[in-house]
Structure formats: structure tokens, C-alpha cells
Amino acid sequence: MIQRWSIPATENRSISIGRPSLGLGELLKRIGLALVVPLALLGIWQLVVELGIYSRGQLPAPVDVWRAGEQLWRSDRFWINIQVSFERVVRGFGYGAVIAIALGLVVGLWSVARTLIDPALQAFRTIPSLAWVPLFILWMGIGEQPKIMLIALGAFFPIYTNLVSGIEHVDRKLIEAAQAYGYQRHTLAWHVILPATLPSLMTGLRLGLAQAWLFLVAAELIGASRGLGFLLVDGQNSGRADVIVLSIILLAVVGKLCDFGLALVQNRLLRWSDAT
Amino acid sequence: MPRGVIDPSTPVGMKGFFVPEPLQIRGVSKTFGKKGSAMQALQPISLDIAPGEFLVIVGPSGCGKSTLLRLIGGLEQPTQGSIAIGSKQVDSVDPRCAIVFQEPRLFPWKKVTANIAVGARRLDRKPDPQVLVDRVGLSGFEQHYPNQLSGGMAQRVALARALIGGPQVILLDEPFAALDALTRLRMQDLVNDICGSVGSTVVMVTHDIDEALHLADRIVVMSPRPGTIVEEISIDTPRPRERGDAHLAALRARILRHFGFETCTESAAVVAATPADRQLLKSTIEQGDLSFMNRRRFTLMGASALGLGALGVVPRFQHAAAQDAPGKIVLDYAFYNPSSLVLKEFGWIEEDVAADGVEIEWVWSAGSNKANEYLRSDAVDLGSTAGSAALLARANGSGIQTVYLYSQPEWSALVAPPGSDITTVEGLAGKKVAATKGTDPYFFLLRSLNEVGLSGNDVEVVNVQHADGKTALENGDVDAWAGLDPYMAQTEIEHGSTLFHRNIDFNSWGFLNARTKFLDEHPAYVTRILVQYERARQWIRDNPDEASAILARDADLSKDVADKELFERTNLDIDPVPGPTQTAVLEEIIPIFEAEDQLQPGADVNQALAELFNTTFIEEAIAQSGAGS
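One line per chain: the protein sequences are U and W, in this order. Residue numbers for the first sequence follow our numbering, beginning at 1 and rising by one. Residue numbers for the second sequence follow our numbering, beginning at 1001 and rising by one.
Hints are not guaranteed to be accurate.
[As the list claims (entries may be wrong)] Heads up, simulated DSS-like pairs for lysine-lysine below, C-alpha to C-alpha not over 30 angstroms straight-line:
{"hint": "1", "chain 1": "W", "residue 1": "K1344", "chain 2": "W", "residue 2": "K1328"}
{"hint": "2", "chain 1": "U", "residue 1": "K173", "chain 2": "W", "residue 2": "K1126"}
{"hint": "3", "chain 1": "W", "residue 1": "K1344", "chain 2": "W", "residue 2": "K1088"}
{"hint": "4", "chain 1": "U", "residue 1": "K173", "chain 2": "W", "residue 2": "K1035"}
{"hint": "5", "chain 1": "U", "residue 1": "K173", "chain 2": "W", "residue 2": "K1034"}
{"hint": "6", "chain 1": "W", "residue 1": "K1344", "chain 2": "W", "residue 2": "K1559"}
{"hint": "7", "chain 1": "W", "residue 1": "K1126", "chain 2": "W", "residue 2": "K1088"}
{"hint": "8", "chain 1": "U", "residue 1": "K173", "chain 2": "W", "residue 2": "K1088"}
{"hint": "9", "chain 1": "W", "residue 1": "K1344", "chain 2": "U", "residue 2": "K173"}
{"hint": "10", "chain 1": "W", "residue 1": "K1110", "chain 2": "W", "residue 2": "K1328"}
{"hint": "11", "chain 1": "U", "residue 1": "K29", "chain 2": "U", "residue 2": "K173"}
{"hint": "12", "chain 1": "W", "residue 1": "K1110", "chain 2": "W", "residue 2": "K1126"}
{"hint": "13", "chain 1": "W", "residue 1": "K1111", "chain 2": "W", "residue 2": "K1126"}
{"hint": "14", "chain 1": "U", "residue 1": "K173", "chain 2": "W", "residue 2": "K1517"}
Simulated from the structure, these hints should not be mistaken for lab results.
Using the sequences plus the hints, can you model the full thing?
Now the structure itself:
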């Protein structure tokens, strides 16, 4: 007679569930440490200004940039520039992501499409963003459309490339196991390959969003009247180095905040993943 | 009691959904690869496995035992022979079999319960995974993801996944090889316990002889590759077995003798094998399924897509240290500065300074904003701007002074496309107007708006470089354009656009500006350049048609357009010394700067205007020319 053996529970060692939540002290410490480098840069910046290596017209002092910010604030153009740029990035990124995911799925899951489409796309990828600007102006004028298109183009490639390579690199063993449990073709694609690709896709989306912000500046070279890229060009045209530095700082801050938002989504979606 | 009898107390969800049937392997062999590079993994093998039997296959690495297991499960097809469960052949992935691999191979995005449920997805009647969770001792871990489990726990989930469908045959492919010794023993007991109670036939592959002895009803010993069966040993020692049992120890020695033949080491096998077999070997050697998450490749797109070149920054110009003579002088040329085109064409400045070993480099300025940018970044030594742009740059901290007036132009006006209903400045309210900020047309626009009681906020200014502004106007992207010649003359002649508002007094003269540092270091050369500028201005007045031809060619304009710019809109019959006339014009523009936030906070624009003009050099140049002629 087969005897039932009690199952030892000792192996069930306790493993922390999810990400460890940070205490307030730890959080403050992290924020403090993250600020060290920016503050040091600020100090070096001030020092270089004091030493007079560059003229004020070339390198404004931090306080000049602060004043430029105040000036912008007083003229009510502070939020509108951020808002306009943000909207462009969101729209461009949205279009770019949708097209990249659709095309990435077709190319990743269907080898005929890969041979047909992928080489051409890879060639397009090497074209620098600014090279498109004159053509886009010719084709679409200088309204919102060419700007959105350019940003979409910028967001497209990291998403597409990561998705395709993610599909390509799904663990063969996992696929084999899935096949052993009856997953075939469509079910295999939708229920195994796609979820397994999600980490790559999220990485692609984050890179794509960063790229969207990069392309924003190029896009706002196309006859903009508002936006952070416009502010930059405006500073360039009117010789306002303080405005140039201000726009760069604003671009960095807003870009980082967007990335942070997406990182939260990523953490939420990929709680199962080791890689986040 | 013989194995294979279903224990009536087995909970629902684990009971065999298939009636156990014998497993028959008939002359099965497997060869990987194509002719020429073919590698035989298995010699023909025949085996009969009874319903509910626990069969363990042992053999050296690479002997084909895993291949045999995969053939049974239908993951591979035999080259020869056939496999049948009961009366039905196995010819593809067979739902009657469930397999546990060396790695757990769980879906990392599914929680424990969901991963277990995968094993029952082909069944119409879905058993409750919770029964299996409890059975493999994972209660409390239902909502965990695989990456939160230890290796042993993950393998238990894999076992539960195999069991939940109540398969007729359970295939175990070295399931405990990756676990630590203690965990392995516990897992063996678990398998012994559960598999026995389920009643399924079990075929297990291992190279752990003790494991085989502990679990098997029958052990099949295989030879090195190409594998075949060298011995079959039935074990009738009752369960649960003592691990130190004397009979088992004797069997152990017997089996080990077979292993004494082992010549097929893993490394040798990997070297010798075909790719297909190498993959197979690799899959049995590699440990840990979750590592795949770390293999992602990041493709970083060129973050340099926005190169500095795009922002118009050209490499910083380095002066040679030698005396007064600079190694190189960088000058700009612009279509709005006809003298610069003539100088560039004839090389008079080059001629003049060649003896000193000074090189002249020409940089094209697309507009005042660009010229100012080059001056600010020390990329040019002398640059052509409009008066307004020069003053603004100086006020905002650029170290420049105006040394020369190259023209009194009427280069700016407000332009509407043909058929537009905009005929007055008032009509611009609420419209889109293209303009290049920081240039004369932009200030022309603002002053014109001010004149009729409007401001920059009453229109939407679309900032584009001059040439793009013309394109935008012609494409209908904007309602009006603060135009600049020659583009303005071009759209007027070639497109029928109209200049609906003109005012020569709002044009702030053509200023040639030098970096103050260059003035300090190379004063003699400034004078010599201005001598040549005066020569060019005189030459244009003497040879208007030829000058127009040069402009037409350089700017790629039709002769009509060049004529219009040069003859109708450019007055070269002027006093080239900047003075009160220009000061008066610029004073009018200062309120515009202030109203439009063009000035850096703290900038003193009045002081900038007071210090803007440096007439020393042009006066000296005129004196020299006078003396020379």
C-alpha cells in the first residue's frame, strides 16, 4: 500500500513579495543622493561663470536662468509651452507606438513579413531625424501634422526594434513547454509569445518616449509658435542663452517625469518580471 | 499492492481522466540532421511499459534518453518505428502525456494557480488547481509569481501543472537535476507519493542512480550514444524504500558498472554533436528557466539624432597666436548683404591679406539670427545683421560692435498670398503670421502692429527661417508673412504675392558687426576688410547688372528677382559710418524689445545702444581709400 507522506513545509522559505516598499527615511535618502550630482553640476556651473571663462552672453549664471524662468512665468507662457510640447509628444508617441506595435507583431510573428519589411525598415532607421524635416515641410507644410509625424517617427523605431527582437528572443524552452501543453500557432502567439515579449516592449516604449522628446526639438524647428523646442529656438534667435538653458532644463525635467510615469506603468505590468 | 491501481481517496482533479493503457515502443530510432552530417541519437529501441508503471531510464549524458522521452511525448517524431499508447499511435504532441522538464518552464507572467491551470487547458472539464496547490505543498503561495518562488517550489508548480490534467503518461525529464541535494530528496518523495496515487504511467529520465532506485518499478540502463538499452532491472522492493537498503545498494553497484563504460562526456558530446543534438544537450545542461528574462537585448537608437550641427553651431574658430596677423579670418556672406557676395566672388580680401599668410573663410548666414549666433559662438569674426538684431544681441550680452553699414535696405515688408483678404495691418488680428524671430522682419511686424494699436499677442507668430516662411505662405500654412528679400521679391514675382504693408523707415539698416575681441586683437585687419567692403559697394554701383547676376546665381534667383532686390529695395548710396540716423531708428525699436520680452532680465538696452557703434575702423578705411586714390 502506498503510504502518504506528509509534505515537508520547510522548503517554503519566505520570500519577499513584490518590490520592497521604501520607508520614508530611505526614500528621502535616495532623493538626497540623486540630487548630489545635479547640485554639484550647479556648483561647477556657477564656478565657471564666476571665473569668467565664458561671457554671460555665452554662458548665463544659474540666477540668470532663474530670472528667465520668472520672466516666462510672468508672461503666462510657462505652462502653455510645456503643455503644447507635452501634447505633441503624447500624440506623436501614441501614433508611433500603435504603428510600431502593429508592424512589430506582423514582422515578429510572420517570417515572410520579416524578410519583406524588416530590411527596408532597418535602412530607414539610419536616416537622421533632421534629414526628414525639409521633406516633411514640403509634403505637410508647417502645421501640427509634420511635427507629430516626426515625433511618431522617432518613437517608432525603438518600440519596433525592441518588440521584434523581444519576439525573436523568447525562450525556446518556454515555447516548447507551451507546445507540450497544446499551445499552437495563434494560441501560442497570443498567450505565450506576446506576454513573454512584454518586458522588451515596455523597454521599447520607454526608449521610444525618450526618443519622442528628442525628436520634439527637431519637430519644433518646423515653424512652431509654442512649445519647449520653440522656446529653445527662440532663445537661439534672440541671443538669450538664459532662455536656451532654461528650455534645456525644462525639457530634461518634463522628459524625466514622463519616463517616470511610464516606469510606474512598467512596474505595475511587469511585477512578474525579474528585469524591472 | 501493485502500482497503477487508482487510489479511491485521490481527490478530484488528480484522478486519471484517461484509463491507463500500456505504452508500446516498437523499433524506435532517431537520427538528427540531414544525410552527410546526420547524427544517430538512438538505435532502434523497443520497450513495453505497463499501465501505471514507474519506469526510470538512466544513462550517460548525451545517450539519447531525453530524446526517447520527447519521442514518447510527441515533441519529436521517430526516424523509424512507432510509439503507441493503447491502440492509438503518438504522432504529434499528445494530450495524453504531460511533461516536466529539468527547468520549471513556467509562464513568468502567470501566478502559481494560473500556471498549474495551464496543464488542464485541453480538458473540457477544468479541475480546480487549488487541489494540486495543496497536494504539492504550496498553500499560501497561490498568488505568487514564479520569480518569487525558489527552484524547488517552481518545480513543484511544474509537477502540479503536469498532474492536473490527469494524464495517462507523465514524462519526467531529469526534473530534479537543477535542485540542491536536500530539496531533490524531498521532491523524490513527493513524486513517489503523488504519482503513485494518481495511477498514471510514469517515464522518468535521470542520471542520478539513487533517484532511480528510490522511485522505479523498473530501471532501463542505456548505452552511450547512439543509445540503446543495455539492461533492464525490475525492482520489487516495497515502498516507501529505505535509502540505505542493502538490495538497492547491490543494484546500485550493478548499474554503476554500466556507467564505468562511459566515454561520452558532456564536453565531447557538445563538440561532436550536430546543431540539433547540441541544442538538445544544451537544454539538459542549462539550468534555471527564468534566466531568459535577462537575455533581452536593448537596442539604443542613436541619441545623437539631434546633433549640434542642427542648431547651427559650427566648430569654434581658433586664432593663431602670432602678432596681429590672425591665422584665419572667418567672414559671413548673406543674400541680404550684396557687397559680401561680390567680395566672396572676386576674392579681394583674400588678395589683400594673402601676403601675411592669412586665410579667409566664408560662412553663409541665412538670416540675422544665424549671423548673431555665429558671432556669439566666435564662429565668425564679422557678421551681417539687421540693425535691430545687432542691438538686441548686444543688449543680451553678445560681445559685438557695429563697424560698418553695408546698405539701407527695404528688405522687410508684410506679405499676403495672392487673393488674400488681408490688405491692412489691422486685418492681421487673430491670423497666423510667419516670421523669423530675432530678425528685422519680425521687428517690422511688431512695429507695424504697434502702429495700429495691436501687439504680438494679437497674432500667432509662427517661427520659421526666412525661406521656410515663404514656403509656408505659398502653401497656405500661414495667412501672412513678415518677409525678407530676396525671398520676398521672389514670391512677389513668381507667385503673385502682395506686399500689403511697406515702410522703409521700419527697416533698420544693414549692419556689419565684429566681435569686440577680434577688434582688439586685429584692428588693422578690420580696417583692411572695410576698405574692400567700400570697394565692393562702389563696384556694385558701377556695375549693377553684373552685381545682380552674381546675386541671382548665388541665391539661385531669377534675374528679375535679383534686379528687384538690388535696384528697388537696396540703397547703397549711403554714408557707411553708423551714426545718429541709425540710433534714431533703433531707439524706436527698444520699446518693442521690452514689450515682447526679448531682453534678458537686467539687460541695459540703452547702454548697449550707446556702445554699439565703433566708427574708428570705417573712418580709418575711408581715410586710407581717400589717400590711396
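Do the hints match the structure? See the list:
1. W:K1344 / W:K1328: 15 angstroms, holds
2. U:K173 / W:K1126: Given pair K173 (chain U), K1126 (chain W) holds - Cα atoms ~25 angstroms apart, limit 30 angstroms.
3. W:K1344 / W:K1088: Not satisfied, since the Cα-Cα distance of roughly 92 angstroms exceeds 30 angstroms.
4. U:K173 / W:K1035: 27 angstroms, holds
5. U:K173 / W:K1034: 23 angstroms, holds
6. W:K1344 / W:K1559: 19 angstroms, holds
7. W:K1126 / W:K1088: 24 angstroms, holds
8. U:K173 / W:K1088: Roughly 27 angstroms between the alpha carbons, so the hint for K173 (chain U) and K1088 (chain W) holds.
9. W:K1344 / U:K173: Between K1344 (chain W) and K173 (chain U) the Cα gap is close to 70 angstroms, so the pair fails against 30 angstroms, i.e. violated.
10. W:K1110 / W:K1328: Roughly 69 angstroms separates the two Cα atoms, so the pair is violated.
11. U:K29 / U:K173: 42 angstroms, violated
12. W:K1110 / W:K1126: 17 angstroms, holds
13. W:K1111 / W:K1126: 17 angstroms, holds
14. U:K173 / W:K1517: 69 angstroms, violated
Taken one by one, the earlier hints fail for this structure at numbers 3, 9, 10, 11 and 14, listed in ascending order.
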